[in-house]
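There are 2 protein chains.
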Amino acid sequence: MDRATIKALVQEVVQNTLHVSTKQVPIAVSNRHVHLSPEHVERLFGRGHELKKQKDLSQPNQFAAKETVTLIGPKGRIPNVRVLGPARGKTQVEISLFDGYGLGVTPPIRQSGDLAGSESITIMGPRGQIKVEESLICASRHIHMHPDDGERFGVKAGDMVDIKVDGPRGITYSNVLIRVSPKYKLEMHIDLDEANAANIKNGQLGEIIAIRCSPEKEGGCGCVCKGNG
Amino acid sequence: MDRATIKALVQEVVQNTLHVSTKQVPIAVSNRHVHLSPEHVERLFGRGHELKKQKDLSQPNQFAAKETVTLIGPKGRIPNVRVLGPARGKTQVEISLFDGYGLGVTPPIRQSGDLAGSESITIMGPRGQIKVEESLICASRHIHMHPDDGERFGVKAGDMVDIKVDGPRGITYSNVLIRVSPKYKLEMHIDLDEANAANIKNGQLGEIIAIRCSPEKEGGCGCVCKGNG
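Protein sequences, first through last, are from chains A and R. Numbered according to this note's numbering, the first sequence spans residues 3 to 231. Numbered according to this note's numbering, the second sequence spans residues 3 to 231.
With the rest of the complex left out, here is chain A (with noise of 0.2 Å):
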């Protein structure tokens, strides 16, 4: 066998055990927010209480809305958290690590919806006051994209790819879970413990360096995914 032969040989070997690409993602930063129920929504704003949007987010229909609340726990409080909107079915806290020192809470790091067994945390507006269970999170780092994303990038829903940062403060990170809708739009979200870290602006891209898991991967994957083999 020749050097030539050989070379592309350890190539391949290297490129398959790395999955080396050139997958950029651009990263979104999200601070602390609130997704309330309809039924909340006229509890912390009054009776006949819509949200109003004050600006669009980048996935589709998803807005921010003028309205904030006041996160209240056992230790402390934090005014001024942004309500997202429109109203969904069930109400949602995601905060920070740091956040959770504060308010004398710990937030379990999950993806979203994934509400169960999950933290209390009491909500204060400016015409009540609840405290709702199995509420509060740290949300779980994703990447949300399009099915046309996916295929270009090989991956698919419920993969779990690394994500690498360049910079004076790069970072990898692991365990990214990919979400895949025609709905959404290419972007990773974290929060904002996991962006000053890497010292990350809004916009900012990452890029797919490895894909961990895949529910269609042969055996065990060693990864934190569930259900993905």
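Hint data in this document are derived by calculation from the structure and do not stem from the laboratory. Just so you know, not all the hints are guaranteed correct.
From the structure, some residues in chain A lie toward chain R, with a derived Cβ separation under 10 Å [stated by the list, open to error]:
no., residue
1, 11
2, 15
3, 132
4, 133
5, 144
6, 166
7, 188
Covered stretches of chain A, going by a simulated chain R footprint (3 or more residues, C-beta under 8 Å) [as the list claims (entries may be wrong)]:
no., region
8, 40 to 47
9, 95 to 101
10, 195 to 206
Example chain R residues on the side facing chain A (calculated, C-beta under 10 Å, incomplete) [stated by the list, open to error]:
no., residue
11, 115
12, 116
13, 117
14, 136
15, 143
16, 146
17, 149
18, 167
19, 168
20, 175
C-beta: ideal position from N, C-alpha, C; glycine also.
Since the structure of chain A is provided, determine the placement of chain R on it from the hints.
Frame of chain A, contents of chain R only:
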């Protein structure tokens, strides 16, 4: 060339490329804190005052003092910020990027002692208040180690390494500076943002998975260290 030889060749290339190793380092999380010059100790706590030890820190002769101060920035203040002792040449205040938002200042990310052109901050104690120019930084991550550790790991002062931390919120920190002294105990120092991003608790282990730059390596290194090639 036979299969076994090619496999060994591939393995060597992969290991040399990735600097695969099992080099573990305990991690210590630094919350915001203040180092004070002897002069500033007196201006904040009174003539002739000496810092009182509350507890020893892991690095030899360093201690958390009983004294705390309030940091005051253009947009807000942070009370109960721990003073570390003993008093030393120049006053240095270390906060996270998150802390900076509340204070209304953007600390540059710097190694300890690299204060030229850094931010100014006002420090308030029980006996006085001082504005200290070029004193405020966000500490850049680094690893303290004894020369014996350096030899064992194959790294030396000024090298930059990548540190991988496992777990559901696993992260790899790039550009971690190696600092070597016979006085140092092996320990990686990160700030609270960096710790929260990976949900790290004090004492957790990280692993050196790559050595990115060394003063003795030829050619450019592509990393951000100063004067190391």
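Checklist entry - Of the hints given before, which are not true for this structure? => result Result: hints 3, 4, 5, 7, 8, 11, 12, 13, 14, 16, 17 break, sorted rising.
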